[in-house]
Structures are given as structure tokens and as C-alpha cells.
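A.B. asks: Whole structure, please, built from the sequences with the hints as guidance.
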Amino acid sequence: MQGLHTHFRTRAGVVKAVDGISFDIAPGASLGIVGESGSGKTVTSLSIMRLVEPPGFVAAGRILFQGRDIIGMSEREIRGIRGSEICLVFQDPMSALNPVYTVGTQVAEALLAHQDLSRAAARERVIELFRLVGIPAPERRVDEYPHRLSGGMRQRVTIAMALANEPRLLILDEPTTALDVTIQAQILDLVRGLRQRVNTAVLLITHDIGVVTELCEQVIVMYGGRIMERGNVAQVTADPKHPYTMGLLASMPTRAIRGQRLAAIGGVVPNALRMPPGCPFQPRCPQAMDVCGTDPGLRDPGDGRRVACWLY
Amino acid sequence: MSNADPADDVLLELRNLRTWYPAGLGVLGRDTEWIKAVDDVSFTIRRGETFGLVGESGCGKTTLGRSILRLERPRSGEVIFEREDVLSMPPGRLKQVRRDMQAIFQDPHGSLDPRMKVRDLIAEGLVVQGKMRRDERDARVTELVDVVGLRREHLDRYPHEFSGGQRQRIGIARALALRPKFVVADEPVSALDLSVQSQVLNLLSDLQVEFGLTYLFIAHDLSVVEYISDRVGVMYLGRIVELASAEALYDDPRMPYTQALLSAIPGSEQATGRKRIILSGDVPSPLNPPSGCPFRTRCWLAQDICREIVPPLREVKTDHFAACHFADEI
Chain G
1 MQGLHTHFRT RAGVVKAVDG ISFDIAPGAS LGIVGESGSG KTVTSLSIMR LVEPPGFVAA
61 GRILFQGRDI IGMSEREIRG IRGSEICLVF QDPMSALNPV YTVGTQVAEA LLAHQDLSRA
121 AARERVIELF RLVGIPAPER RVDEYPHRLS GGMRQRVTIA MALANEPRLL ILDEPTTALD
181 VTIQAQILDL VRGLRQRVNT AVLLITHDIG VVTELCEQVI VMYGGRIMER GNVAQVTADP
241 KHPYTMGLLA SMPTRAIRGQ RLAAIGGVVP NALRMPPGCP FQPRCPQAMD VCGTDPGLRD
301 PGDGRRVACW LY
Chain L
313 MSNADPADDV LLELRNLRTW YPAGLGVLGR DTEWIKAVDD VSFTIRRGET FGLVGESGCG
373 KTTLGRSILR LERPRSGEVI FEREDVLSMP PGRLKQVRRD MQAIFQDPHG SLDPRMKVRD
433 LIAEGLVVQG KMRRDERDAR VTELVDVVGL RREHLDRYPH EFSGGQRQRI GIARALALRP
493 KFVVADEPVS ALDLSVQSQV LNLLSDLQVE FGLTYLFIAH DLSVVEYISD RVGVMYLGRI
553 VELASAEALY DDPRMPYTQA LLSAIPGSEQ ATGRKRIILS GDVPSPLNPP SGCPFRTRCW
613 LAQDICREIV PPLREVKTDH FAACHFADEI
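Chains as they are written, first to last, in our numbering: chain G, 1 to 312; chain L, 313 to 642.
The set of hints was computed from the structure by calculation and includes no laboratory data. Keep in mind the model is a prediction, meaning the values are calculated, not measured. No false leads were slipped in.
Chain L is faced by these chain G residues, among others (derived, beta-carbon under 8 Å):
(1) 37
(2) 150
(3) 184
(4) 268
Glycine residues also receive a C-beta, built at the ideal position from the N, C-alpha and C atoms.
C.D. replies: Rendered as C-alpha cells:
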């Protein structure tokens, strides 16, 4: 991804949901994007899938997938990639499942759209996929309708659907946010196991940095449509460099600070129509300086990571 | 106040509380099937403490909170608030007692009438309870706006003009208007971003000290509950399965379900070095719960006895209660 800008035209003006971000994912690698609401993380994933709808549009930038620019592709070309080479799993599995078809039929459709298979062979393959994602009694579950399954089981179905065509890139957008913590642990365990068996790259979008530590090697912290910090997960969580990352990690309630006040980040996320010039975090930043009114770009604090802050 | 009577330390006591919903009728209207959302729950909440209630969706924690406030009709049991049973109170007395028991809900958007201005939203309880002159009421509303960290110019705006965190502050001001003693906070921060969540948690702590509040803090987020609570109860399929001080419960859980729950917190393996326990299967339907221990179908320690006998919530260490036949061994 090179300099992606995804904007939304509104009556009140242009919202720069994604405001110039660049990153890359190697084959088989795993990258987490962490951010709060309005950070632009979901619009980033939708841009990769070319699922941004008007009034949203990609204003600038390139998204190269195996060397080809997704932004410039025809609708036909992108359809050939979407659902086969790049797949997206959403937070709410019901939004990806059609309530009037059995789950088996739906996963089979995903297969048949991109592969030349007989119906019977597709059904066999679906049962295999269900077994792979840990759905018990898959021979019977294929004939169930989505509403008959629990939230965790539905999410397994959408993961099976996403894996049906062995994608090169799997995007998980808050895959466990709607799930209970014990079910979340099952799903994260499942994705970890799948990554070892199927060599797919994973882009995980989440608000929960804990989930990133479970699944990813690299992490990007987004705020106000921009990358604030990028580095390996252990480095960033143990020793955050950007004041926003520091604030975010310090806001997490933990046992170590029981009885003490949480280090809340003051203020609120600025109005998307009136982002401050320069660093978007500057109005809430405890270390803001005059120079923060200009864009710091991504800087190297000396350990190989990238931090969008004038402190470095 | 004299400390002679230990009952003075108890603000609220639940005795064998059961809230069941009919889920269909059997033959001739007999043999009704029941969803046992809250099933035989007993515990006390001490004056001035934060009692955390955790559990996964459908475990009955929200129904329990609502039953205490009599927003649900429990089938049996008692809710003793300051030595009076809320469930058997006549309506007039209930209206008086409701001043002392308030609620903060998860979705501040859904619980605030979009057609009402902030001023009227905060004053609503004062109006319903009456007895206050208009100027007194206005003064109280202004005071509340200051207390929860909103600005006075916000008073004449509507809920949709506010962010999630600010709406939750409005919800808190509403709950505090009648100077309650006890507040049920049901997922008060789970709809909020992390940076805003910490502001609201700090506010709740400040208000507790300032007004001597007692909280029942209901949440699914185990880290938030550990941080904010003095004591914690864990619910599973309508029952309290473990109850202890936050330290004891998180350091030394004695019920396998609690162990699995705590081990499932993302990042906890790295943080605590405790091995992750991946439970198989889903929570059973509350309509058709397992016999004996409700957790036995997912428990890796289950024996025959677990199928036959419901393990009572018993004291395994001082002030540490667990509902497991093997709580002493694990």
C-alpha cells in the first residue's frame, strides 16, 4: 500500500478517513492494525477489497497486490480476486451470511464462483473445510441455516468461506469483537493453527491490542486516518514510542494499577471534518510542541520501527 | 454510626433469587418450560464497595442487575436493601426506595430519549420524584453537569450531538440526580473506545469516593472488572459459580470455568505465564441446562458426581467461595 488516501464527500465537507498510509505485508506474514473508532482502520481494509462505496472514494495512492494495482483494476478483475485471493472476515458473521440458504450451500457457492467443481465435490470440500475450522459434526452442520448456529460457529463458517479458495491474503476485521472471551480464544487459536497449515498472509484489524499480540508479528497503530507507529508487536507493546500509543497502552486497566487512576488520554477525537494541521493527535498530546502543526512523516527512533512524531 | 452491628456493613443482600421466564407451555398448560436466567443466587454487597459481576453473554448477569432494581419480576427469593425486601414492597414504598437505587446502562444512546434536551434528561428523575422547586431543580442539574465533567452550555443540546463518552456522562448524571446509595452499572464502558473508557472509569471511581456510592459493576471485560472491583462474582448459566475478592479470584481461581475464562484474556499468557485453556464447545442453552454442575459439559475435570449433584457455592478459603466439587484440589 503506497500513500493511500480514502476520502468521503459529505454535505459538510470532505472527510479524510484514510489520509496517506503506506505499508506492506509479505506472503505468509501477519500484520495487525490497531485503532479506535474513526481511526480509519476499517476503511483501510475496505479499500483493499475495493468495497468503499460512494460518497467514499480513493483520492490517491496505490494498493499493489502481487504487483498489480487494485485501484486501477476493472470491476471484472477485482471480482476475480475478491473472495478467492483476498478474503475478508467481518465482525458480524450474519452480515456475511444469507439467512435463507444453508451454510453449506453458501460456502459451496464461494468455491464454485472461483473453481470448476461438481456440486458433489464442492459439498465434500465444504465438509472438509468445516472440519478444518473445528465445526463439530460437519456432515450435519452443512445443512443448517445460519440462525441455527451460535455466534462462534457462524464465525467459523465465515472463516471456512474465506479459506475456501486458499487466499493469499486474509483480512480479519474485528473477527472476535462480537464473541465471548472463551469463544474468542477458540477462534484466535483456530486462526493461529490455520496460519501454520495454510500459508496465507493475515491482516488483522482490531481495537484490542491484546488480540494483536495473540496473532501478529507486526503492528500498525492508527489515529485520525494516519499511521502513528509501526513496528514489531513485542517492541511496540513493551516500549511504545508515539505519545498516542503510550496513552493507549496506559489507558488499559490492569491489576498492576488497581486503586490508581487510569492514565486517560484527555479530550476527544477531533471532528473528522476539522482535523488539525500536522499531527492529528497534537490537540490531545501531553508532549505537543509548536512544530507539531506540521506533518512529522514517519521517523526512525533508532530501532528500526517507524514513528510519526517530532520527538524522534 | 456505630459499628456494633455487622449488618450495617451490608447494603444489599440477595437470598435465593430466581428469575425464570416461561419458554412455552406443555400439555394443558402444565409442565411449563423455564429459562432460568437467574437461578438461586445469594450474595451480599457491602456498603461502599464495588461488586463486579462477570460472565459471558446469556449467563444472566444483566437479568440479575435488573431483578435487583425490580425492572424484572423475580419468581422467588428476596432482595434485601437496607433490611427491607424490595420484591415485596408496596408501590409507594418502592418509589421511595428507587431514589436510592439507580442504573447506568451500556448504550447511552439507546437509553437517552433523543427528543429530550440534556437538561430535561438529567432532571427527569427529580421531576418524577417531585418535591423540588423549579429553581432548586435547575441548581441541582447544573451541579450534576459539573460533577460529571460536562459543560453548562451542553444543557440545551440533544443526545445525538454528543460522543459516546459524553453520552455516558449524561447517563451517569441522570443516575446520580436523586443522590442514590446504590448504582447498578451494566456494561457502562463496553461501548466506548479505550481512551474514553479510562476517562469514564476514573469518573466512576471519583464519584464513588465523593458520594459514598456502592456499585454493582456488570461487565464481560475481565480486565476492567479486575481493575475496578473490590469483590467479584462469576456467573455461568444463571448461577454464581465463584465469588471472592478481586485479588483472590484473579490470583487463585478455584472453579475450572473461572480458570478458563481468565486464561482466555488476550495477552494473558504473556502477562501471567498461565497456560491458556481452550474450552471446547459453546455455552449450553439455558432452556436445557445440564444436570448437576452447569459447567460440566465443557469441564476437563468432570466426573460422575458432577452430573449427579449441583455443587453448592461453598467457602473454600476465607471469603472465597466456589461452586465446584473439586475446588479444594485444583
